[in-house]
Amino acid sequence: MMLRFIKPVVWLLSLTPFLYLLYAVSLAPDILGANPVEYITHETGAWSLRFLLLTLLMTPLRTLSGWTFPLRIRRMLGLYAFFYVTLHFVIYAGLDLGLDWSHLGEDIIDRPFITIGFLAWLLLIPLALTSTNKMMRRLGRRWKKLHKLVYLIGLLGVVHYIWLVKKDLLEPLIYAGIYIALMLLRAPLRSLRSRLS
Amino acid sequence: MLIKKPSDIKSSEITSPELYRKRRQFIQAGVGLAGAAMVPGLWLPADVSAAREKLQGVKKSALSTDEKPTPYKDVTGYNNFYEFGTSKTDPARNAHSLKTKPWTVRVEGEVARPADYHLEDLVKDSLLEERIYRFRCVEAWSMVIPWVGISLASLIKRFEPTSRAKFVEFTTLYDPKQMPGQKRRVLNWPYVEGLRMDEAMNPLSILAVGLYGEVLPNQNGAPLRLMLPWKYGFKNIKSIVKIRFTETMPKTTWVLAGPREYGFYANVNPNVDHPRWSQARERVIGSGSIFTRRKKTLMFNGYEEQVAHLYAGMDLRKFF
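Chains as they are written, first to last, in the working numbering: chain B, -10 to 186; chain F, 126 to 445.
Here chain B stands alone, though its shape is the one from the complex (with noise of 0.2 angstroms):
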């Protein structure tokens, strides 16, 4: 009974984030700051990282309650996840680079915080695009392998926000932190799953 709601809050709550930003951008500007452009960079790169490690959750989080709605909201917040990557992405091409694509080819040879970032976005692409049940059942084994690419995702986007910091730490690390846990929660839980079954 309860499964029936949790996907459609959850939906909306994910997309809450992004509505502010809409709002934020067209009727209340004052939210921005002096530098609108890095705001809104910064928030929703912020928000991918944020989903991505939600996504990383969901397994070990079934895995120790015994509940089964992690697993059925994981689609969506990978999707999601995807979605302000890719919004992150859009903003700064589009808005901050102003769609200059040498410059645009520049920084993402020259600069390794933002290959590894741009790397991460590519590599998500192909995990959204076999997100569908369809494809699930068509890849078969193929596709479990496929979709622990997350696993090097989350590292490239942890990476990335503690290479473009210039010297305060903390919060990147705190992001990394989380990232960390996440993966070594894995390793125990798969061998205490396999011996209960």
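To be clear, the hints were calculated from the coordinates, so they are not data collected in a lab. Any given hint could be a false lead.
Simulated coverage check for chain F against chain B, where a stretch passes if three residues somewhere in it have a Cβ under 8 angstroms from a Cβ of chain B [unchecked claim]:
no., segment
1, 196 to 205
2, 210 to 218
3, 413 to 426
Some chain B residues judged to face chain F by a derived CB distance under 7 angstroms, without partners named [stated by the list, open to error]:
no., residue
4, A23
5, N24
6, P25
7, L84
8, F102
Listing some non-contacts, in silico: residues in chain B with all C-beta distances to chain F over 12 angstroms [said to hold, decoys possible]:
no., residue
9, L4
10, F7
11, A13
12, R126
13, K133
14, A170
Fair warning: this is a prediction, and the values are worked out from it, not measured in the lab. Quick reminder that beta carbons are idealized off the backbone N, C-alpha and C, glycines included.
Put chain F on the given structure of chain B with help from the hints.
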């Protein structure tokens, strides 16, 4: 959705400092009535309640740019001043704990007249000039700021540096009680910056004590800060308590923090990128919408004519 381009913004729409302050006082009064004033200084920066002084007898300068200054609220609300926190809005929130009166500046090293000077003895009203300068941060954003200050050269001459004085080193206050950001070792406190003597003696170089015709707000480096408009913002050290003249190049904070990324000279240069980002263009702060394009960065921030000779023959890729 109506988004205004900078050219559409009438100057009448830009909040004047007076009006801005009144508005904040009004807001604070409201907050007070609501009872939230039980925790003073928590909700709004205390500088709102602190008496803010207009500076008297400020002369105009031919060295000012005629570009339109960045709105007051952005100049005083978007700051890098890690002594008060590392986010851009932290300084405006936290800098009220800094006590700028009384303030003494220790002058030492290779000078004939080393001493502890009271600020009011160093900065006489009659010496004050308004200098409207472009300001370019190493993070690739920029402002136009109407500083009020005194010529650094005129001040240095009064200390009578010896012939061995090749560099001048500046130090920021170190007091974690007044500067809560210093409780975390984000940087090697206290903040230290330095200049070659000829850079310090350039007519563009000033020590600022105000902006927009008023005493410098704490978050902008009160009561005394350096301002060399052809250098990246971080060179322009804030809340100075010590000026030392030396024979050797000072070890400056950002060079110690990241020698590959920050050089001693830190001259604005669109052709030499920061290792992690481009310096070719800058985001102009306060120009409003998310659709505004970046502006091309100028060599020496547009002050090439006045300062290029200081670096003649130097490889600016090496001495960045």
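### Query
When you look at the beta carbon of B/A13, is every beta carbon of chain F farther off than 12 angstroms?
The assertion about B/A13 is violated, with a minimum of 10 angstroms to chain F.
*Would the least Cβ to Cβ distance between B/L4 and chain F come out above 12 angstroms?*
With a cut-off of 12 angstroms, B/L4 remains clear of chain F, as the shortest Cβ separation is near 19 angstroms.
Interface restraint verdict for B/A23 against chain F (beta-carbon cut-off 7 angstroms):
Check passed: Cβ of B/A23 comes within 4 angstroms of chain F, closer than 7 angstroms.
Are at least 3 residues of the segment 210 to 218 of chain F within less than 8 angstroms of chain B when you compare beta carbons? holds (count 3)
Check your understanding: Holds or violated: B/L84 as interface residue toward chain F, Cβ cutoff 7 angstroms?
Key -> holds, 5 angstroms
Verdict on B/F7 as a residue remote from chain F, using beta-carbon distances over 12 angstroms: holds, 15 angstroms
- Message: Confirm or reject: B/R126 is not an interface residue toward chain F, with every Cβ-Cβ distance exceeding 12 angstroms.
- Response: holds, 42 angstroms
The hint names B/N24 as touching chain F; please verify it with the least Cβ-Cβ distance against 7 angstroms. Hint holds; B/N24 Cβ to chain F Cβ min 6 angstroms, cut 7 angstroms.
Minimum Cβ distance from B/K133 to chain F greater than 12 angstroms, as the annotation requires | Since the minimum Cβ distance to chain F is about 36 angstroms, B/K133 lies beyond 12 angstroms and the statement holds.
Query - Closest C-beta approach of B/F102 to chain F relative to 7 angstroms, hint status - result: Nearest chain F Cβ about 6 angstroms off; hint holds.
### Message
Just want to verify: B/A170 was marked as not at the interface with chain F; is every Cβ pair farther apart than 12 angstroms?
### Response
For B/A170, whose nearest Cβ neighbour in chain F is about 23 angstroms away, the distance exceeds 12 angstroms, so it holds.
Check: Once the shortest beta carbon distance from B/P25 to chain F is found, is it less than 7 angstroms?
Finding: Holds: closest Cβ of chain F sits about 5 angstroms from B/P25, inside 7 angstroms.
Checked against the numbered hints above, the structure violates only hint 11.
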